[in-house]
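Model the full assembly from the supplied sequences, consistent with the hints where possible.
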Amino acid sequence: MVRFLRKIHLYAYFAAVLFFFCLGYPFLYFYARNPKKHYRKLVFFRRWISLAGIYAVGIRVQVKYETPIDWSKNYVLCANHTSFLDITILNYLCKYPFSFMGKIELLNNPITRIFFQTIDIPLKRDSKISAFKAYKRALELLREGKSLAIFPEGKIDDNYPPDLHHFKSGAFRMASENQTSILPIVIQDAWQILWDDGKTYGTKPGVIHVSVLAPIAPNAEGSEAFSSLEAEVYHKMREAWKIYNK
Numbered sequence: 001m002v003r004f005l006r007k008i009h010l011y012a013y014f015a016a017v018l019f020f021f022c023l024g025y026p027f028l029y030f031y032a033r034n035p036k037k038h039y040r041k042l043v044f045f046r047r048w049i050s051l052a053g054i055y056a057v058g059i060r061v062q063v064k065y066e067t068p069i070d071w072s073k074n075y076v077l078c079a080n081h082t083s084f085l086d087i088t089i090l091n092y093l094c095k096y097p098f099s100f101m102g103k104i105e106l107l108n109n110p111i112t113r114i115f116f117q118t119i120d121i122p123l124k125r126d127s128k129i130s131a132f133k134a135y136k137r138a139l140e141l142l143r144e145g146k147s148l149a150i151f152p153e154g155k156i157d158d159n160y161p162p163d164l165h166h167f168k169s170g171a172f173r174m175a176s177e178n179q180t181s182i183l184p185i186v187i188q189d190a191w192q193i194l195w196d197d198g199k200t201y202g203t204k205p206g207v208i209h210v211s212v213l214a215p216i217a218p219n220a221e222g223s224e225a226f227s228s229l230e231a232e233v234y235h236k237m238r239e240a241w242k243i244y245n246k
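Counting from 1, position 12 in the sequence shown corresponds to residue 12 in the UniProt record's numbering; the numbering is continuous, with no gaps.
Mixed in with the good hints there might be a few duds.
Stated by the list, open to error - The calculated lysine-lysine pairs, modelled on DSS-like cross-linking and capped at a C-alpha distance of 30 Å, are:
id	residue 1	residue 2
1	K37	K95
2	K155	K36
3	K168	K236
4	K155	K73
5	K242	K155
6	K64	K236
7	K146	K73
8	K168	K246
9	K204	K103
10	K155	K95
11	K103	K133
12	K64	K146
13	K155	K204
14	K103	K41
15	K204	K246
16	K103	K199
These aren't lab readings, by the way, just hints derived from the structure by calculation.
Printed below as a string of structure tokens:
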């Protein structure tokens, strides 16, 4: 019975997101014709659709900051990945314009497609050409003063309950090369509300707890520098994850 109710809630969530997406689509269609000019407006609608969708079905976000964050600066936002809701959570956190880097399959999703065709960066993991183009585009955004959101684990954990896995190096290489601070974000329990895509356990109303750690600035450039940065970020995120998910 519980599983059935959670599946009903999942369909209600999808319906809510689709409803708000349809409301905003005429504007999105117009803005998508010139994404460079309308970058901020596209980011606004991405955020509005995400938040309206979760609020409509009783999902809330509670954030704890290790230190106050100056959101007017740009960052490489590094978050763990356990749920489809993680994108929504980063939209909730960052009120300033930023882009996601995500798997190319998001171009097949009718809602995320328009954003990954315009303001976000699709990446095909097994293609060196795709990786190079995505990396180059990400650096361009950082140099323009925009923030970039990456899930450095590369995918959602196949195991339930999920754990924090080792990171891929791309985010830290970019941060070191551009001397942009990493903002570690630990999404503690989104997986309890909606794990992965929700097909197995469905969803439920509730509060998602998020820990935003202090920004970590790269100290130097080069392979040793980004490896050191990666290790430091992983260690701090791992500790925050372990404290909450005992």
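Hint-by-hint comparison with the structure:
A distance of roughly 18 Å separates the Cα atoms of K37 and K95; the hinted pair therefore holds under the 30 Å criterion. Between K155 and K36 the alpha-carbon distance is near 28 Å, which keeps this suggested pair within the 30 Å criterion. Pair hint K168 plus K236 holds up; C-alpha atoms about 16 Å apart against a cutoff of 30 Å. Distance restraint check for K155 and K73: the Cα-Cα separation of roughly 27 Å lies within the 30 Å cut-off, and the hinted pair is therefore satisfied.
With a C-alpha separation of about 19 Å, the suggested pairing of K242 with K155 holds against the 30 Å cut-off. Among the hinted pairs, K64 with K236 is consistent with the structure: their alpha-carbon atoms are about 15 Å apart, no more than 30 Å. Proximity of K146 to K73 is assessed by CA-CA distance (about 8 Å); at most 30 Å being required, the pair is judged to hold. A C-alpha spacing of about 25 Å is found between K168 and K246, which places the hinted pair at or below 30 Å, so the restraint holds.
Our distance criterion of 30 Å between C-alpha atoms is met by K204 and K103, whose separation comes to about 26 Å. Only pairs whose Cα atoms come within 30 Å are accepted, and K155 paired with K95 is accepted, the gap being roughly 24 Å. For a cut-off of 30 Å, the pair hint linking K103 to K133 stands: about 13 Å separates their Cα positions. This hinted pair checks out: K64 and K146 have alpha carbons roughly 23 Å apart, not beyond 30 Å.
A C-alpha spacing of about 22 Å is found between K155 and K204, which places the hinted pair at or below 30 Å, so the restraint holds. As the CA atoms of K103 and K41 are separated by approximately 23 Å, the hinted pair is consistent with the 30 Å bound. A distance of roughly 22 Å separates the Cα atoms of K204 and K246; the hinted pair therefore holds under the 30 Å criterion. For the hint pairing K103 with K199, the CA-to-CA distance comes to about 19 Å; that is within 30 Å, so the pair holds.
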